[in-house]
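Enquirer: Here the protein sequences come in this chain order: A and B. Yeah, the first sequence ends on 405 if you go by my numbering, and it's all consecutive. Yeah, the second sequence ends on 564 if you go by my numbering, and it's all consecutive.
Certain hints may be false.
Unchecked claim - Only pairs whose alpha carbons sit at most 30 Å apart, straight line, appear in this in silico DSSO-like list of lysine-lysine:
hint, chain 1, residue 1, chain 2, residue 2
1, B, K353, B, K399
2, A, K293, B, K497
3, A, K293, B, K349
4, B, K349, A, K178
5, B, K349, B, K399
Keep in mind that the hints were calculated from the coordinates and are not lab data. From a predicted model like this one, the values you see are computed outputs, not experimental measurements.
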Amino acid sequence: MSVILLDEPLVPTPPRWRRFVARLLRNPSVVVGGTILILLILLALFAPWVAPYDPFKVNPVQRLKPPSWLHLMGTDEVGRDLFSRLIFGSRYFLLICIVTASISASIGTLLGLIAGAGSVVTESIIMRLIDVMLAFPYILMVLVIVAILGPSLWTGMISIGIAGIPGYARLVRSAVLTVKREDYVVSARALGASEADILFRTILPNVLSPLIVYLAFSMPLAALVTSSLSFIGLGTQPPAPEWGAMLVNSRTYLFSAWWAVTGPGMALFISIFGLNILGNGLRDVLDPRSAA
Amino acid sequence: MMAMQQIETPQTGSPKNVQPLLRITGLTTEFRLEGGRRLQAVQDVDLDIGAGEILGLVGESGSGKSVFAQSILRLVQPPGQVVAGAIAFEGRSVMDMSARELSRWRGRDVGMIFQQPQSCLNPVRRIGWQVAEPLLLQEKLSRKAAWAGAVDLLRAVGIPAPEEKVLAYPHQLSGGQAQRVMIAIALALKPKLLIADEPTTALDVTIQAQILELLRESCRMLGTSLLLVTHDLGVVARLADRVAVMYAGRIVEEGPVETMLTAPAHPYTQGLIGAAPQLGQARGVRLKDIPGTIPDLSRLGAGCAFAPRCDARAGQNLESCTLSQPLPVSIRPRHRALCFAAKASSAVSPCEISP
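Looking at chain A on its own, in the form it has when it is part of the complex (with noise of 0.2 Å):
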């Protein structure tokens, strides 16, 4: 082809990710909630490094021991240095967030990507059983499933990834439904497609930004719902250092050692609220009304 003719020059524009990080650190939220998230990163992978003393060590002689230089935050009721028990604790959290969250978010984007692009019938099946699945309070579907599997750290949080299904499922399947009406998607099936290449290379790619939104404000859900557990028992088993099983073995404490319970509350507290935020400003900047 020899026709060379040139178009209108390009006008030049900064690439897209960096326009994009730009206007990332320019969103508050998303600048507190990001450094808690990136502290809690660090924390969990340097925790042996970090903690001064082993999270199982028991020593009786300090036990209850209220905050002093030698134990930052203290000591639980058989004398475990709770600082180090809380830095070990963001281990935990994290593990809960991201393994409940690949649950919910795989099956559950899977699940939304075929209703929204299949035919009326697929659609109708999975939409009832998710309809199904919304039917339970959220809280008791988790525990049934606890019930049918046992309590441990794994069946909580694989519960709690369960019970986040429809929530996921839902959401991608509105996201399809408008995604699949556009140009590129007829004009990817004229020129050759297949209907799992329109899928997962054409649709799943534009729905990613409200499923990224979706996935920071729902992890600190999971979390909180998995130290909940814990409190009642169906959770993480002790001695693991996992906030919210700290909060329970200390509640006894309450009125006598007030910082036994605070810690992990507070560790649980921060944790939550920086994600929550971090989902805040990321939904302001990745909504393409907000773009500039």
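Take the given structure of chain A and dock chain B to it, following the hints.
Expert: Relative to chain A, chain B alone:
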């Protein structure tokens, strides 16, 4: 193209041994409207496209030409449906293809480009991957080879600095560049037929000419047939070998571009050509218009859909126009029209299967 014409020209005897690339017979596409009404956007269309031929399909907005183009590729989505007719591509029935055969056929043997090039590119993927995708998926090339292929294709369609442009996202392209990219994608697998649905309508005039030139040259080089859907007679005059005119879902006239533009037989085609401005026309002369608008396709009567707007019917006071559907009339070899009035102007013999 020339070879094809020579084979087809003396086909007065037995046209059956000559197989066109694409043969459409009796194609009817229907939309179900709310309240059970039906709208036939494409009605009983017969059309052949020869190998290497450029066929212009002309019609005003709402004439059903886009639906017809999409029907060929079986792209019509519910509530629309192809309810009758056969589409044969090199003798294979497109209507009988399975989903897998269909997606192999699209892209590999036929390509399609659309009116809005920028919204036809996936906004979240780099154009390099979008061009490389047919090579990856259908040709099973390695990622590296497909990427190199994408750069070559972009260079071939006249994208400046293709090595850099492969990394661009669709919103960073101008309309003309986006349409070039679409052409590169559609022609990546050297299809035998390219369907272009108003490829230049959304572009500005200077770019239009470049894109048309690119389309013509690319198709000539690859031996690809082109079905060019447009409402612009000028585009057709520049590019097409043959023209088909669509009105209210039917092809009302079809023939070689020279005779169609100089001696149109159907009153609608005459009206269209009369309505087009010409260079050198005296100033102050009003362009002729066709009175009225295209009818509501869901409320068509028994007769010719153009009858209410037709000068010829009024002039010759033909009664049959409003009573029954006209049959195709052969005006001269390879030129036919769907009109009672056209019968009067030329030799009368119902057209055979082939134009």
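Enquirer: Now look at each hint and say whether the structure bears it out.
Expert: Outcome of the hint check:
{"no.": "1", "hint": "K353/B x K399/B", "in the structure": "holds, 20 Å"}
{"no.": "2", "hint": "K293/A x K497/B", "in the structure": "violated, 43 Å"}
{"no.": "3", "hint": "K293/A x K349/B", "in the structure": "holds, 26 Å"}
{"no.": "4", "hint": "K349/B x K178/A", "in the structure": "violated, 68 Å"}
{"no.": "5", "hint": "K349/B x K399/B", "in the structure": "holds, 15 Å"}
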